[in-house]
Amino acid sequence: MGIMNGIEVVRRYLNEKRYSNNTIETYISLLELFFKYFSEKASGEISEADISDFFHDFIVSNKYSASYHNQLISAIKMQE
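Okay, so the sequence shown: first residue is 8 according to the working numbering, each after it adds one.
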């Protein structure tokens with residue numbers, strides 16, 4: 008399954024679970040950001056070490072809030 012198809016599957020899942028539109032758009036935009044960061048890799052090639060590097064390089068280095076970090080973790084978990 009391609010990344011865009013996977014993101015649409017997450018969107019559909021969130022709609023079915025009756026998440027708010029704001030939550031859906033937040034999760035989708037976070038997933039798009041995450042996969043843009045890994046544009047050179049297929050989603051199945053992204054390792055836990057890669058994810059840890061992303062969190063450090065993008066989230067921690069840019070001093071994003073803990074809630075932003077947690078939203079991103081939740082969005083990524085839905086992609087699995």
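Read the hints as simulated data drawn from the structure, not as lab findings. Glycine is no exception: its CB is placed at the ideal position from the N, C-alpha and C atoms. Don't take every hint at face value.
[To be verified] Ranges of calculated distance between the beta carbons of each label pair, as one might list FRET restraints: (1) Ser68 / Arg25: 30 to 38 Å; (2) Val67 / Arg25: 17 to 25 Å; (3) Ser27 / Ala49: 25 to 33 Å; (4) Lys43 / Lys70: 27 to 35 Å; (5) Ile80 / Asn29: 12 to 20 Å; (6) Asn28 / His63: 25 to 33 Å; (7) Glu52 / Lys84: 30 to 38 Å; (8) Arg25 / Glu55: 13 to 21 Å; (9) Asn28 / Ser54: 30 to 38 Å; (10) Val16 / Lys43: 16 to 24 Å.
Status of the hints after comparison with the structure:
no. : hint                      : verdict
1   : Ser68 / Arg25: 30 to 38 Å : holds, 35 Å
2   : Val67 / Arg25: 17 to 25 Å : violated, 33 Å
3   : Ser27 / Ala49: 25 to 33 Å : holds, 31 Å
4   : Lys43 / Lys70: 27 to 35 Å : violated, 20 Å
5   : Ile80 / Asn29: 12 to 20 Å : holds, 18 Å
6   : Asn28 / His63: 25 to 33 Å : holds, 31 Å
7   : Glu52 / Lys84: 30 to 38 Å : violated, 18 Å
8   : Arg25 / Glu55: 13 to 21 Å : violated, 31 Å
9   : Asn28 / Ser54: 30 to 38 Å : holds, 33 Å
10  : Val16 / Lys43: 16 to 24 Å : holds, 18 Å
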